[in-house]
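Participant: All chains, full assembly: derive it from the sequences and hints.
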Amino acid sequence: MKRRTPLLLAVIIALPLLLLAWFGVRWQLDQQQVVAHQLSNLVSERLQSIDGQFQEHFFLLQQGFIRQAEALQQETAGQYSVAPIRRLISQSAVVKQMFVLSPTGERRFPPRDQPLTQQEQAFVDLSRNLLREPERFTMPVLDPVGPAGRQGFSSASIDELQSAQLNESVAQKSRYRADASVQALSGSTGLNASQQPHGWIAWYAEAGLQQIFWWQDRGGNTIGFALNSPRLLSDLINLLPSSTVSATDDQADDIESHSEIRLMNDRGEMAYSWGSSVAGSTAKPLQILPLSHPLASWHLAYYAAELPVAITGWLGLVVLLVLLGAGLSTLAYLLYREHHRELSIAEQRVNFVNQVSHELKTPLTNVRLYTEMLEQTLPDDEPLAQRYLGVISSEAGRLSRLIDNVLSFSRAKREGLSVRYQQGMIDQCIAQVVALFTPVLSARQLSLRFSGKATQRCYFDSEALEQILNNLLSNCEKYAAAGRFVDIHSWQEEHVDGLYSYIRVSDFGPGVSPDDVEKLFEPFYRGSDKLTEGVSGTGIGLGLARDLARAHRGDLIIEPHGLTAPSGACFLLTLATPIRIETASTEACHE
Amino acid sequence: MKTQADKHMLRRSLRTLGCVLLTLLPLWAQANQVSLNINLATPVMQADQSHRAFIKVSLEGFKQQDKQARIPANVAIVLDKSGSMGGDKIQYAREAAIMAIKRLDERDIVSVVSYDSRVQVVVPATQVREQQHIYDAIRQIHANGNTALFAGVSKGANELRKFLSRNKVNRVILLSDGLANVGPQSASELGELGASLAKEGISVTTIGLGLGYNEDLMTRLAGFSDGNHAFVENAEDLASVFQYEFGDVLSVVAQGVNIEIHCQNGVKPIRLLGRESEIMGNRVTTRLNQLYSEQEKFVILEVEVPAQQAETELELVSVKVAYDNLFTQHQEQLAGQSIARFSGSRQEVSAARDDKALEAAVEQVANEYSRDAIEARDSGDLEGAKKILQDSASYLGSQAKSLSSPRLQEQQEEALQDADALETEQDWNKQRKELKARQYKRATQQTY
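For the protein sequence lines, the chains are U and Z, in the order given. Residue numbers for the first sequence, in numbering that gives the first Met the number 0: 0 to 590. Residue numbers for the second sequence, in numbering that gives the first Met the number 0: 0 to 447.
A portion of the hints provided could be inaccurate.
[What the hints assert, rightly or not] Computed beta-carbon distance windows for the label pairs:
1) 78(U) with 343(Z): 46 to 52 Å
2) 143(Z) with 217(U): 54 to 60 Å
3) 132(U) with 49(Z): 41 to 47 Å
4) 132(U) with 377(Z): 34 to 40 Å
5) 49(Z) with 217(U): 49 to 55 Å
6) 75(U) with 374(Z): 38 to 44 Å
7) 37(U) with 98(Z): 47 to 53 Å
8) 401(Z) with 78(U): 50 to 56 Å
9) 75(U) with 263(Z): 24 to 30 Å
10) 143(Z) with 37(U): 27 to 33 Å
11) 78(U) with 129(Z): 53 to 59 Å
12) 75(U) with 98(Z): 51 to 57 Å
13) 433(Z) with 51(U): 44 to 50 Å
[What the hints assert, rightly or not] A few chain U residues that don't get close to chain Z, going by computed Cβ distances all over 10 Å:
14) 13
15) 25
16) 195
17) 282
18) 341
19) 345
20) 382
21) 383
22) 391
23) 494
24) 521
25) 573
26) 578
[To be verified] Which bits of chain U does chain Z cover? Going by a derived footprint, with three or more residues having C-beta under 8 Å, they are:
27) 84-95
28) 106-115
29) 229-239
Since the hints were made in silico from the structure, they are not lab data. C-beta: ideal position from N, C-alpha, C; glycine also.
Facilitator: If you want it as structure tokens, here you go:
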């Protein structure tokens, strides 16, 4: 009992904690997965959008180049003379070098029959292999926005681009200020010129990837623009955000606040990075997006130190659990203390009752003794005195039984019930009790009918038997007064493990409803304020009777209706009553 | 245009001068014009033999008449804030930048970009109105991390582009004390970027701080975009360098100067001393991004002149210059030519010598020697490098004597010192940076 309460409380604390922890962890893990998934979606979207920006950049370049090429063709009447091309190269910040191939694949620029500048010469040397295969420039598959979607994109995006140039910051406009010739041209030429075959080539020159845009005019000449690679990278970097100035006014969106995105070039070197966290050089990127043509073999790598969202989530869960645990523990402790106090108060009261009972026992014994002596010495012709004495005697007997019950009960709680076997006859013992109760019961118009068949001498605890019968008959007296009769049958049966005695006490009162059967035996241990009521009621009486029967290796049960009597309660007492005893000493047994 | 006959008459009357100087736009009276001078170092040459001749083509910016009427500047200051800049250096750099910005006013646009492994736009391109905000932002810069020089210059140029205009002085001022180690890091790549920026009218001034930077990269970047370059050993000197630089920026009078030289009559160009140039057949082109008020910038062209008979005249080169005049806001053109006379008399030859032009030519030739010496030293040929410098010194010495030029003498001493310094291994890093910076200044006639 004393150990059970803390255990129970511990379970009360632990169970919700464990449940909460379990669900919390599950939820947190799920959440983390969801967040990670969302994050990776967000990241890949971000990377895709960067790629899109780059593609747009190439598309803008392409538009510019096509216009320039168109203008060049018109200006030189398809002859592509040297001076205008050189002027174009010297004016354009993004173009490093140009070339023109005739329909037969012959080089028209840089010119074969005129002296070349050093740059031109270097370019010719470098691109000899490339220009030797003019069929490269017949496959119009390499478009920055994809050959399939190009038509739709170009018509849609031209408006977009123009509006962007109009609305957006000066930067957009000034970016193309560098190519003075582009702005001079009307936009109308661009559209039909872009119908001509054209495309981008990413080509490994000695220093790295070289992007070349080519366009074929109606005469079959191929005009190529080799980009100034450092300039291209510079422009791409300028499309990318810069890092925030300081960590304090960090208002970047979630993706970039704790992460780093790196632009890696074709040699796997970092060309640019932005973001805030410093990932070590050995760290693995969480996500990699290869860039589209013509930046093939470049890629964007996304690095993040950790997931800050998850950390706060776990922290929250732990804090919640700790708080809940603390709360529950406090509650449990308070409960336990309260309970403990009540228990000790109850115990004190029981002890008090116990002691009082004990103190009452001696005077009561004297009262009974002298009443008996008076009864014997009193002459028979004083019926009134006789009757009064009878009442005194029976009430004293009842009081003594009550006190016995209380003492036995408290002893049972303290040290368990003990059985003292003595040789005797069951029926004799029953007869004594019957004799004792006959006047009491008859006072309530109840008559006892005893039929004893347990006549074999055996060992049993007569005191215990008496106490059991006392309790049963008291019950009859209290509750079954309407039944007129109380029947007591006794018999004995030989079993494998010895002789058993059976005593059935049945009345014809209101009986016991089946629901109450078990409650009837429930031992009394509740609030102290009900103690007196318990003693006078069935509270400890029947419970004690059954405990005694069980201590006697028997039992006390309420038999179901219909077996012996149509109504009323019927108790069957079973006792193990061995004929001889192997261990002469008293034997205690209790659950 | 004058006719050929007119020129003949004029030539005869100026024969004794030896050198003929012509500007085809006869507007001397107009002050707001760049002046073009073409000087042949040896206007009279020995007849009947081929010669190597130096032609000095010099341009001088006109005087800014009114300090108030200067050209607005559009400046991006790009500061290295990598870990090596920690401590005093970054502090001096910040203060130098702030001091320099104090010289600007509302007409000007300034932006500040700092870079380590990443790039931060500290002050986006903005008019210099609320200076305190700019200063506060600059003072937030703290040193940390790597050196993403390429990206820093890119972002700086991008800030310039927001207000890019041919009518402004567009300049990136890059301060770095370390090797670029994030992004492109070769001198040629940065050079190409510089060349591309120059086409947009942006020049990049590079200031190398301390002994850790890559002087090849920095001079290339400055050279291709025609900015200035300076080597600053001590961070304390940054403020004065920034002051000089802003002084230059605020005194620009012309931009986008294209010089085109055509060699005539079988004259062959050999090399253009000092600046990056393009030689194609008999045509030599080079460009300067800007001309400063009252500063002379020149190039020296070395040509081979075929043998001529005595008492004849030969037009060696014709020069065309186009530039954007920032005051009139028009593109203007200048043209001129250089004519040599051939004579049998040695006396006449030496008497006609143009000492100033020759001095400039010798200075540039020696400068080329100095560059060769660095190259030789880089390839491990210590002795060769030393010999080049010693040859250069003796060349300078003999020329200094014949021209009685203290400037050349000074240069000779420098060359001798440099030759000595080549050997000391531990000082070479510093020496090389000094040399590079000195060569660069000489070649571009940088004022500081």
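Participant: Now tell me if each hint is right for this structure.
Facilitator: These are the hints, each one checked on the structure:
1. 78(U) with 343(Z): 46 to 52 Å: Roughly 49 Å apart at Cβ, these two residues keep to the hinted range, so it holds.
2. 143(Z) with 217(U): 54 to 60 Å: 57 Å, holds
3. 132(U) with 49(Z): 41 to 47 Å: The hinted range 41 to 47 Å holds for residue 132(U) and residue 49(Z), with Cβ atoms some 45 Å apart.
4. 132(U) with 377(Z): 34 to 40 Å: 38 Å, holds
5. 49(Z) with 217(U): 49 to 55 Å: At 51 Å between Cβs, range holds.
6. 75(U) with 374(Z): 38 to 44 Å: 41 Å, holds
7. 37(U) with 98(Z): 47 to 53 Å: 49 Å, holds
8. 401(Z) with 78(U): 50 to 56 Å: 53 Å, holds
9. 75(U) with 263(Z): 24 to 30 Å: The hint (24 to 30 Å, Cβ to Cβ) holds, given that residue 75(U) and residue 263(Z) are roughly 27 Å apart.
10. 143(Z) with 37(U): 27 to 33 Å: About 32 Å separates the Cβ atoms of residue 143(Z) and residue 37(U), which means 27 to 33 Å holds.
11. 78(U) with 129(Z): 53 to 59 Å: 56 Å, holds
12. 75(U) with 98(Z): 51 to 57 Å: For residue 75(U) and residue 98(Z) the Cβ distance comes to about 53 Å; the hint holds.
13. 433(Z) with 51(U): 44 to 50 Å: About 48 Å separates the Cβ atoms of residue 433(Z) and residue 51(U), which means 44 to 50 Å holds.
14. 13: 50 Å, holds
15. 25: Non-interface label on residue 25(U) holds, nearest chain Z Cβ at 39 Å vs cutoff 10 Å.
16. 195: 27 Å, holds
17. 282: 14 Å, holds
18. 341: 68 Å, holds
19. 345: 73 Å, holds
20. 382: 120 Å, holds
21. 383: Check passes; 118 Å lies beyond 10 Å.
22. 391: For residue 391(U), whose nearest Cβ neighbour in chain Z is about 107 Å away, the distance exceeds 10 Å, so it holds.
23. 494: 95 Å, holds
24. 521: At about 79 Å from chain Z, residue 521(U) clears the 10 Å cut-off, so the statement holds.
25. 573: 93 Å, holds
26. 578: 102 Å, holds
27. 84-95: holds (count 6)
28. 106-115: Holds: 3 residues of the region 106-115 of chain U have a Cβ under 8 Å from chain Z.
29. 229-239: Our answer is that it holds, as 7 residues pass the Cβ test (under 8 Å) against chain Z, meeting three.
Checked against the numbered hints given earlier, this structure breaks none of them.
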